[in-house]
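Just so you know, the sequences run in chain order C and Y.
Numbering-wise, our numbering puts 27 at position 27 of the first sequence, and it's gapless, one number per residue.
Positions in the second sequence are counted from 1; adding 1000 to them yields our numbering.
It is worth saying that the hints were derived from the structure and are not from the lab.
Backbone N, C-alpha and C define an ideal beta-carbon position, used for all residues, glycine too.
Don't take every hint at face value.
Stated by the list, open to error - Reference listing, derived: stretches of chain Y covered by chain C, where coverage requires no fewer than 3 residues with Cβ under 8 Å from a Cβ of chain C: (1) 1001-1013; (2) 1016-1024; (3) 1033-1043; (4) 1067-1076.
To be verified - Pairwise CB distance ranges, derived in the manner of DEER restraints: (5) Thr-78/C / Met-1062/Y: 18 to 24 Å; (6) Val-1059/Y / Arg-23/C: 27 to 33 Å; (7) Val-1059/Y / Thr-78/C: 24 to 30 Å.
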Amino acid sequence: MIGEVIVLFGAVLTLLSAIGVVRFPDALSRMHALTKASTVGFGLIAIGACLNMTNANDITSVLLAAGLQLLTLPVAATLIAHSTYWAHRIPVRIDGGDELRQAADAGRLGRRTLRRNRPTTHDGPDQESSPS
Amino acid sequence: MIGATYLVLAAAFVCFAFRLVRGPTLADRVIGIDGMLMVGLGLIVVQAEDTGRGAFLQVAVMLTLVGFIGTAVVARFIEGQGE
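Using the sequences and the hints, build the whole thing.
Structure representation (structure tokens):
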């Protein structure tokens, strides 16, 4: 019984992240909604299913899948976010300080990202402080 | 309870499919694919819990690895797209 409740809660979290993916206006914020809610959602589904299973083989398979998802999903989200930021045709909106751009200007990133200078369409504080 | 879980996951699948079809940029489509993969994983696990047969759970393990590799490759593709 408690396992089914936990599984339902994880499914509801996944649905919330799907609604966020549909409703949010921007690629980066959509990725935020997907990654944050889906890791927890699938983790809760796996834990709730483990509480109802009896076969040890099934339980280890589910826990392995959940652990792999927990390891790989933040890495994949970071890769997509970096490439979305540095891609030229995708508009992103950044509120507050743009720390990735500051790091790139200070030369703290690799050579590969420094090579592409993004034409700044976002409204950061570095744009407002230097009027033309 | 299990039926409600199936319904909720199906609604999430429809939302992700909407973003996959509609998404203006390639990054949005990748997000939609990733979410659909996640919902598929959840459906496999819920089905294994429902029927008591864990024959498809190895598919779930492989699906996590394949999804990560696909997302990483498409991320490199997006990065080269702007040149």
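Structure-based check of all given hints:
Beta-carbon proximity to chain C at under 8 Å applies to 9 residues in the region 1001-1013 of chain Y; the threshold of 3 is reached and the given coverage holds. Coverage of the region 1016-1024 of chain Y by chain C holds. Counting CB-CB distances below 8 Å, 3 residues qualify, and the rule asks for three or more. Chain C is given as covering the region 1033-1043 of chain Y, and this holds because 6 residues of the stretch bring a CB closer than 8 Å to a CB of that chain, at least three being needed. With 7 residues having a Cβ less than 8 Å from any Cβ of chain C, the region 1067-1076 of chain Y passes the three-residue criterion, so the hint holds.
Against the hinted window of 18 to 24 Å, the Cβ-Cβ separation of Thr-78/C and Met-1062/Y comes to about 23 Å, which satisfies the hint. Checked against the hint of 27 to 33 Å, the C-beta distance between Val-1059/Y and Arg-23/C comes to roughly 31 Å, which is consistent with it. Separated by about 26 Å at the C-beta atoms, Val-1059/Y and Thr-78/C satisfy the suggested range of 24 to 30 Å.
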